[in-house]
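Colleague: Spelled out from the first residue to the last, the chains are:
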Amino acid sequence: DAGITQSPRHKVTETGTPVTLRCHQTENHRYMYWYRQDPGHGLRLIHYSYGVKDTDKGEVSDGYSVSRSKTEDFLLTLESATSSQTSVYFCAISDPTGSSYEQYFGPGTRLTVT
Amino acid sequence: EDQVTQSPEALRLQEGESSSLNCSYTVSGLRGLFWYRQDPGKGPEFLFTLYSAGEEKEKERLKATLTKKESFLHITAPKPEDSATYLCAVQKNTDKLIFGTGTRLQVFP
Chain A
1 DAGITQSPRH KVTETGTPVT LRCHQTENHR YMYWYRQDPG HGLRLIHYSY
51 GVKDTDKGEV SDGYSVSRSK TEDFLLTLES ATSSQTSVYF CAISDPTGSS
101 YEQYFGPGTR LTVT
Chain B
1001 EDQVTQSPEA LRLQEGESSS LNCSYTVSGL RGLFWYRQDP GKGPEFLFTL
1051 YSAGEEKEKE RLKATLTKKE SFLHITAPKP EDSATYLCAV QKNTDKLIFG
1101 TGTRLQVFP
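Line by line, the protein sequences are chains A and B. For the first sequence, the working numbering gives the first residue as 1, with consecutive numbering after it. For the second sequence, the working numbering gives the first residue as 1001, with consecutive numbering after it.
Don't read these hints as lab results, they were simulated from the structure. Treat each hint with caution, since some may be false.
Said to hold, decoys possible - As a list, the in silico DSSO-like pairs of lysine-lysine whose alpha-carbon atoms are at most 27 Å apart: (1) B:Lys1042 with A:Lys70; (2) B:Lys1096 with B:Lys1059; (3) B:Lys1096 with A:Lys53; (4) A:Lys70 with A:Lys57; (5) A:Lys11 with B:Lys1079; (6) B:Lys1042 with B:Lys1096; (7) A:Lys70 with A:Lys53; (8) B:Lys1059 with B:Lys1069; (9) B:Lys1068 with B:Lys1042; (10) B:Lys1079 with B:Lys1092; (11) A:Lys70 with A:Lys11; (12) B:Lys1068 with B:Lys1096; (13) B:Lys1092 with B:Lys1042; (14) B:Lys1079 with B:Lys1057; (15) B:Lys1042 with A:Lys57; (16) B:Lys1068 with A:Lys70; (17) B:Lys1096 with B:Lys1057; (18) B:Lys1096 with A:Lys57; (19) A:Lys57 with B:Lys1059; (20) A:Lys53 with B:Lys1092; (21) B:Lys1063 with B:Lys1092.
Unchecked claim - One-sided excerpt, in silico: chain B residues whose CB lies under 8 Å from chain A: (22) Ser1028; (23) Gly1032; (24) Phe1034; (25) Pro1040; (26) Lys1042; (27) Pro1044; (28) Leu1097; (29) Phe1099.
Said to hold, decoys possible - In silico negatives: residues of chain B with every beta carbon more than 10 Å from chain A: (30) Ser1020; (31) Arg1031; (32) Thr1049; (33) Gly1054; (34) Glu1058; (35) Asp1082; (36) Ser1083; (37) Gly1102.
Note that CB positions come from ideal geometry on N, CA and C, so glycine has one too.
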């Protein structure tokens, strides 16, 4: 298994509170991604990072921010959580070299916003 | 618009009953097509990457094939442990993946 951990694994929070999810990797991969997974929508990209301090938006970035101060850590922050952000969040990593572009996923964080 | 469609949404098979899952896509500039397996409560697990039409990859009872418009994941003589959701994703000339919604496979003994 790729060395990817996510914390916390489960969280229940109230509407309007800030929430930070952490992704930690031990593979020294350059790229890191945050996805959310909801029934009927599949996995959707929130934000991604292509290096330390280098990030970009995905297709569902509204209401989310990210930071990457070290190669191994990628943080996802919900500044003011809403019920529509109840979801399962997955972190992924990749190291595109040559023709190898596959992404490897962490175990996920189940977030419930009440 | 770039799109990935998987069918069927759900599939029930008897152990040993071979079948295929479909992933059709409409994207320009395909860089690669990926298959993942996802068990309940876990993250997707990488299975295969296919890069060009005509390419095939195999792993145990699974074989993935690719044409210019679709990919198939063939499951030969499945076992109950093959039960999972299978996800397809495509990558354009960027580093982003576009995922389908998956096929939920159940294999009964």
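Colleague: Against this structure, judge whether each hint is valid.
Modeller: Status of the hints after comparison with the structure:
no.	hint	result
1	B:Lys1042 with A:Lys70	26 Å, holds
2	B:Lys1096 with B:Lys1059	25 Å, holds
3	B:Lys1096 with A:Lys53	18 Å, holds
4	A:Lys70 with A:Lys57	19 Å, holds
5	A:Lys11 with B:Lys1079	35 Å, violated
6	B:Lys1042 with B:Lys1096	21 Å, holds
7	A:Lys70 with A:Lys53	8 Å, holds
8	B:Lys1059 with B:Lys1069	22 Å, holds
9	B:Lys1068 with B:Lys1042	31 Å, violated
10	B:Lys1079 with B:Lys1092	34 Å, violated
11	A:Lys70 with A:Lys11	24 Å, holds
12	B:Lys1068 with B:Lys1096	20 Å, holds
13	B:Lys1092 with B:Lys1042	26 Å, holds
14	B:Lys1079 with B:Lys1057	19 Å, holds
15	B:Lys1042 with A:Lys57	25 Å, holds
16	B:Lys1068 with A:Lys70	40 Å, violated
17	B:Lys1096 with B:Lys1057	22 Å, holds
18	B:Lys1096 with A:Lys57	11 Å, holds
19	A:Lys57 with B:Lys1059	34 Å, violated
20	A:Lys53 with B:Lys1092	24 Å, holds
21	B:Lys1063 with B:Lys1092	23 Å, holds
22	Ser1028	17 Å, violated
23	Gly1032	6 Å, holds
24	Phe1034	6 Å, holds
25	Pro1040	11 Å, violated
26	Lys1042	6 Å, holds
27	Pro1044	5 Å, holds
28	Leu1097	6 Å, holds
29	Phe1099	4 Å, holds
30	Ser1020	20 Å, holds
31	Arg1031	7 Å, violated
32	Thr1049	5 Å, violated
33	Gly1054	16 Å, holds
34	Glu1058	17 Å, holds
35	Asp1082	19 Å, holds
36	Ser1083	18 Å, holds
37	Gly1102	6 Å, violated
Checked against the numbered hints given earlier, the structure breaks hints 5, 9, 10, 16, 19, 22, 25, 31, 32 and 37 and satisfies all the rest.
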